[in-house]
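Asker: Chain by chain, the residues:
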Amino acid sequence: MLTQLATVQVWVHDQDEALAFYTDKLGLELREDVTVPEMGNFRWLTVGVPGQENVAITLMAVPGPPVFDDETRNQIVSLMAKGASGGLFFTTDDARASYEELKARGVEFQQEPTEQLYGVDAGFRDPSGNSMRMVQRSEP
Amino acid sequence: MDVVEAGVRERVAEVGHGDAVARADIDAAQEEDLSRHDGRVRKPAPTPLPLERHLLRAKDLVDARYREALDVPALAKAAHLSPAHFSREFRRAFGETPHQYLLTRRLERAAALLRNTDRSVSDICLAVGLRSVGSFTTSFGRAYGISPTAYREAYSPASRVPIPTCMQLAWARPQSSSFREDSRGRRG
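So the protein sequences, as listed, match chains X and F. Numbering (this note's numbering) for the first sequence: 446 to 585. Numbering (this note's numbering) for the second sequence: 6 to 193.
Do not take every clue at face value.
[Claimed, not checked] Computed cross-link-like contacts, BS3-like style, restricted to lysine-lysine with a CA-CA straight-line distance of at most 27 Å:
hint: 1; chain 1: F; residue 1: K82; chain 2: X; residue 2: K548
hint: 2; chain 1: X; residue 1: K527; chain 2: F; residue 2: K82
hint: 3; chain 1: X; residue 1: K527; chain 2: X; residue 2: K548
Derived by calculation from the structure, the hints in this document are not laboratory data.
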């Protein structure tokens, strides 16, 4: 049987830019960065939330041929850029403080911290256009 | 660094990824210096962002700041495009003009305030960034088929399931295809 969710994949238009964003701006930690020359320099790049060792996010470059033809590749990049490619949901202890902190580092917010039924949440984007949210859950 | 590449970097830096790009620039410059001396291959340039990403920035700006005096020229500026070009490209990417998106976002937020608060119609109109109560009432009628007051009466608090704001923003915006404002929006 399946035991746990270990890694989630996020397409990114540029791995270096994504790495800088997810580590320097969001404060995640670099987990793995392996380039495989015999696989056309495929780069396995993962980051994770400090303290949450068993879940990683792999920042995956959108490949061209032979994996995807150019048209397919461009469609994926375009969908990301239009904000139509899903996203990630984080939690935070203090949504308003995190909002100020991330905003000061240049993170683009699409929604300021807002009171919800379940707590306070805010929405932002990574450089590729992927949607991110952070939630401060209210006390049960 | 060639002129086109410099232009792309400058543009990307302007719109909010300055740190990463500046660092990549420094790295690239250092690599370039080194390559002159020891023949190492220069690091590849960052992948430029597609135009849609700049359009999305303007769309996000609507969602974040619809309460303010936003208009199409201000949105075009955020996307670093001329208003006419911006409106055309926005429509191509998202299926409606930025004017329509801004108006329907404001109407959606106004509908939420009508349902969830007891603020007056004119107060709500101003709160969502619209200045004329007359045009607000007209636009609201076109979008929802009833007046703001009738809408409020039709949705009593007890009849509703609570829905998080992010889902309302995504799903509850009225369709704009029947708006007379379409033609105005198309001109940018």
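Asker: Hint compliance check: list the failing hint numbers for this structure, sorted ascending.
Answerer: Nothing - there is no hint that the structure violates, so all of them hold.
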